[in-house]
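Colleague: Read off the chains here:
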Amino acid sequence: MIKTDIVVIGGGPAGICAAINAASSGAKVLLLDRDSQLGGQLIKQTHMFFGSQKQHASVRGIDIPGILVKEMEEYKDNIQIMLDATVLGIYEDGVLTIEKNDDYIKIKPKGIIVATGASEKFPAFPNNDLPGIYGAGAVQTLMNVYGVSPGKSVFMVGAGNIGLIVSYQLVQAGVEVKGVICRGPRYGGYAVHASKLKRIGVPIMPGHRVIHAHGKDKLERITLIKLDENKKEISGTEFDIETDVLCISTGLTPLGELLWQMGCEMKFIREFSGHVPVRNEELETTVPGVFVAGDVAGIEEASSAMVEGRLAGLCCAKKLGFTNPEYSSLKEDYLQQLHDLRSGPVGDGIRKGLAKIVV
Amino acid sequence: MNKSASVVIIGGGISGCAIAYNLAKKGVKDVIIIEKEYLSSGATGRCGAGIRMQWGTEMNCRLAKYSVEFFETANEVLEYAGDVEFKQGGYLIIAATEKEVAQFQKNIKLQNSLGIPSRYITPQEAKEIVPHMDETQILGAAFNPKDGHLNPFHTTQAYADAAVRLGVEIMKYTEVTGIKVENGKIAGVQTDKGYISTPVVVNAAGGHAQIISEMVGVKLPLYSERHQILVTEAVEPMQGPMFMSFSQNIYCQQTPHGSFIMGRGDPTEPRDLRVTSSWEFLEEMAKTCIRFLPPLKDIRMVRQWAGLYNMSPDAQPIYGPVKDVEGFFLACGYSGHGFMFGPVTGVVVSESILGEEHTIPVDALSYDRFEKGELILEPSVV
Amino acid sequence: MLKSTGIPNEKDLESVIPPKERLAKGPVAIIECFEKIPCNPCYTHCARGAIKEFEDINDRPQLNYDICNGCSICVSHCPGLAIFIVDETYSDTEALVKIPYELLPLPVEGSFVTGMDRGGKPICRAKVVKVQNPKFQDKTPIISLAVPKELSMVVRFLSLEDYYSDSTIICRCEEVTLGEVRELIRKGYKTVEEIKRISRCGMGPCQGRTCQQLIMEEIAKATGERIEDIKVHNYRPPILPIKLGRINGGEKNE
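Chains as they are written, first to last, in my numbering: chain A, 31 to 389; chain B, 874 to 1255; chain C, 19 to 272.
Read the hints as simulated data drawn from the structure, not as lab findings. Please note that the accuracy of each hint is not assured.
As the list claims (entries may be wrong) - PhoX-like, lysine-lysine: derived pairs with alpha carbons at most 20 Å apart: (1) C:K21 x A:K261; (2) A:K361 x A:K349; (3) A:K84 x C:K208; (4) C:K139 x A:K208; (5) C:K21 x B:K1066; (6) C:K21 x C:K54; (7) A:K256 x C:K21; (8) A:K151 x A:K297; (9) C:K261 x B:K1160; (10) C:K139 x C:K167; (11) B:K1000 x B:K1170.
What the hints assert, rightly or not - Across the chosen pairs, the derived CB separations fall in these ranges: (12) C:E39 x A:T353: 58 to 68 Å; (13) C:G206 x B:W1152: 46 to 56 Å; (14) C:E39 x A:V99: 42 to 52 Å; (15) C:S129 x A:V308: 53 to 63 Å; (16) A:G231 x C:K70: 25 to 35 Å; (17) B:Y1046 x A:E250: 48 to 58 Å; (18) A:I264 x C:K205: 47 to 57 Å; (19) A:G231 x C:E127: 17 to 27 Å; (20) C:K261 x A:E250: 48 to 58 Å; (21) B:Y1046 x C:S183: 25 to 35 Å; (22) A:G231 x C:R204: 44 to 54 Å.
Please read all numbers here as calculations on a predicted model, not as lab measurements. Note that the Cβ used here is the ideal one computed from N, Cα and C, for glycine as well.
The shape of chain A in the complex, shown without the other chains (with noise of 0.2 Å):
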């Protein structure tokens, strides 16, 4: 069984600014994540990304992990890197359960920072398990990845600022869009990217819902139908559409099994997308000692995910005695820089789930 002090579950975002403020606190950190790169979602992102300087803004997604990782190297006496390795279980104990390779091991942390991300939403209609329908992030990881092109034409269903982000790289991949759709009566997403991607070509097409997916062997068509103001369907305005690939990108649910194994209180908040845990300010759940950064404690950016994790590592080590001389000034930086972050329109919905969520 291996001990240390801080276990940081998942090497994204999140997780490595976790590490590395943990670390850089005096506190010993183990840094799992279950692929076999640290980064997360980061890998796939060839856009540059939104923010201020502080969270690399207008750096491109996939050159950020390259940026983190050097800064570790930094702490690298106290940061051990697990790759390739799937937390099963967290027990009453504390121990938490591991699938490395083909190994089992187990992990007796005194402080646990939970950055497990978000998993993919996805919709219900006939035929959706056709060969060709797509989410978005596994199309992102075809392309931007393996370099590998998902089809030759896609349709996207979501305007979210993924959807439109996963329409624009699709086309930088010479890969057709043939549409992006949404059920409101608006796109989601920034406007510049929008407006990027209609500059470009691609119809964006507000108030629609996929109804159908049709195909032999793998995805030939599908049908869509109108959608009213209310997001009713509006009956006789179905009409079929020509694609190989239907790629789905309707939004992120954050990924928490491991916090109600631990029995940290949950609430669903529908502006993050589903349940999350209650925290206080410096991100502690309702069980001491486990912390939350990123996704999983609220679907947001890249950005703001960066910054809560330097405040969960700040703040999980100094739970742990190891107090950062710089402990108030960098807590009240990154607080200042959440609060920047999220005091803007987009914000809005932000700051409406967090009132209902940290204590």
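Following the hints, position chains B and C against chain A.
Modeller: Same frame as chain A, now just chains B and C:
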């Protein structure tokens, strides 16, 4: 904007452009063509653009022969950058009645005497020339391999380009609103773009010639009759000659472009300058066409239109001066043959204006023939 | 409108387009960022301080047109690719528009491409004057397009396909190229009808359905006339091609 010219030609069709070209070639400066719309926008651009030497009078045979010989070298003579698309596929004029058989044999004798290589052929021979025709519908046919067809827009443009190079000015989208006559002499032309003082006006206004003449108080015995045409989609070349019948009222040819152009006359057509289209024409045209050329039933027509025949009492042009108005010259009344006579019109009218001897004697086509009652009767018209 | 279509409307644009006098002085940035989002690299990368300091990271950029010299550093650093440089002093008739372009292959300097508007619609032929792709731009190349001056605020993207090349077929029925039509316009054919008659453009089975508008656009471009003032050609029957056999002798025939 007022200006002056030595000759003002009213009408930017083939006649006007050919006259301007010939005048300029002979050194006349300051020739202006006034065109109400654009070049070929009237009868020239609406006609079937066929040319035949198979006529029934010596006069017409000579005029047509001159034109054909000109067209054969038009691209070179006019130094045209494009192509007038002269195709000499011949004219196959079918005889459907005994009367036509007799007329054609007589015509051919005349034509051959003038050096026109026409001949009378049997239905079977006709079938060899136009394999998709129904030869059982005919008694025989006249055929002249040297007749043919041109692109009227390019032909007019070729004349216009050459004329402009020689200094002719073309005023498009300019309408003549009056002609000033002083002491029985032409003084100038009033247009919606200004006044042009000139001693010479040529009336080459096609279907509107009688209206222009009235501006100088000359009442021409002319009327304009609507004639309709249709064109089909382009198909592979299958018909060399123009297929034509006087008694059955049809002409139908395949252009080098591949489309078939066909038309017919109808005595009930309006004479009020209308150029609208009718469905009656379409139905009758299709019927006649399919009767003689059955396979054309599967070809799709894409467009129909109409133009004006400027009809004279003897279906012959009027060339030359008008006695009562000095400086007023006529080039009108072609009765449906103005395009094919274009080259000869250009030559003889320019000669009239300059007081030169005519290359081809056309005095019989002068305006005073109507006063004298010396009409020429051309038996071979559609 | 922007929030449902993705295309800024005139009012949106009014707020980011510098006054005429400024445009007449030389290159300037056009920051088409209309939404308050947490993002500030344009401000932090502007070496001249032309973009007003953000009090709140959600602020929309405010550009001081007099300080901005159109250096284009912000163009490749804007994560939203929402900044363009417009230089209306490029030539008497053309403006230079600098566009962030993240597709491959890149256009070739000196080649002709098609300028697209904010909705992805082809607008004009545009010459690629420059392709800037240095390392500091981090894979966001900047393409400088020379476009007709009046389109400086319209062209915001490009397609490598040279829709408006002389060799592009404008009339598919009769295979008339754009180049032929342009040549005719140069020669003085200024109406659809004239061009139709001399070139056969629009005389085919479709009767000008596809090409007429394109010809009108070309005439408008060449003459400066407004497209609404240009006369359409004569609409003649039939609307659709019909077999002669079908109309043979009238309706009883069938």
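Colleague: For every hint, state whether the structure bears it out.
Modeller: Hints, verified against the model:
Between C:K21 and A:K261, the direct Cα distance comes to roughly 17 Å. Compliance with the 20 Å bound is thereby established for this hinted pair. Distance hint between A:K361 and A:K349 is fulfilled; the C-alpha atoms sit about 13 Å from each other, no more than 20 Å. At roughly 60 Å between alpha-carbon atoms, A:K84 and C:K208 are farther apart than 20 Å, so this suggested pair is violated. Restraint check for C:K139 and A:K208: the C-alpha separation of about 15 Å stays at or below 20 Å, so the hint holds.
Among the hinted pairs, C:K21 with B:K1066 is inconsistent with the structure: their alpha-carbon atoms are about 52 Å apart, more than 20 Å. Note on C:K21 and C:K54: the hinted pairing holds, with a Cα-Cα distance of about 12 Å set against a maximum of 20 Å. Straight-line distance between C-alpha atoms of A:K256 and C:K21 comes to about 18 Å, which keeps the hinted pair within the 20 Å bound. The suggested pairing of A:K151 with A:K297 holds, with an alpha-carbon distance near 18 Å, which does not exceed 20 Å.
Between C:K261 and B:K1160 the CA atoms are separated by roughly 12 Å; this keeps the pair inside 20 Å, and the hint holds. Distance hint between C:K139 and C:K167 is fulfilled; the C-alpha atoms sit about 18 Å from each other, no more than 20 Å. For a cut-off of 20 Å, the pair hint linking B:K1000 to B:K1170 stands: about 18 Å separates their Cα positions. Look at C:E39 against A:T353: about 59 Å separates their beta carbons, and that is inside 58 to 68 Å.
Under the hint 46 to 56 Å, the C-beta atoms of C:G206 and B:W1152, about 37 Å apart, miss the expected range. The supplied range of 42 to 52 Å is met by C:E39 and A:V99, whose beta-carbon atoms lie about 51 Å from each other. For the pair C:S129 and A:V308, the beta carbons lie near 60 Å from each other, so the given range of 53 to 63 Å is met. For A:G231 paired with C:K70, a C-beta distance near 34 Å keeps the hint of 25 to 35 Å intact.
Hint check: B:Y1046 to A:E250, Cβ distance near 56 Å, so the stated range 48 to 58 Å holds. At roughly 53 Å, the beta carbons of A:I264 and C:K205 sit within the given window of 47 to 57 Å. Against the hinted window of 17 to 27 Å, the Cβ-Cβ separation of A:G231 and C:E127 comes to about 24 Å, which satisfies the hint. Evaluation of the 48 to 58 Å hint for C:K261 and A:E250 yields a failure: the beta carbon distance comes to about 35 Å.
At about 31 Å, the beta-carbon gap between B:Y1046 and C:S183 stays in the expected band of 25 to 35 Å. In this structure the supplied range 44 to 54 Å is violated for A:G231 paired with C:R204, their Cβ-Cβ distance being about 31 Å.
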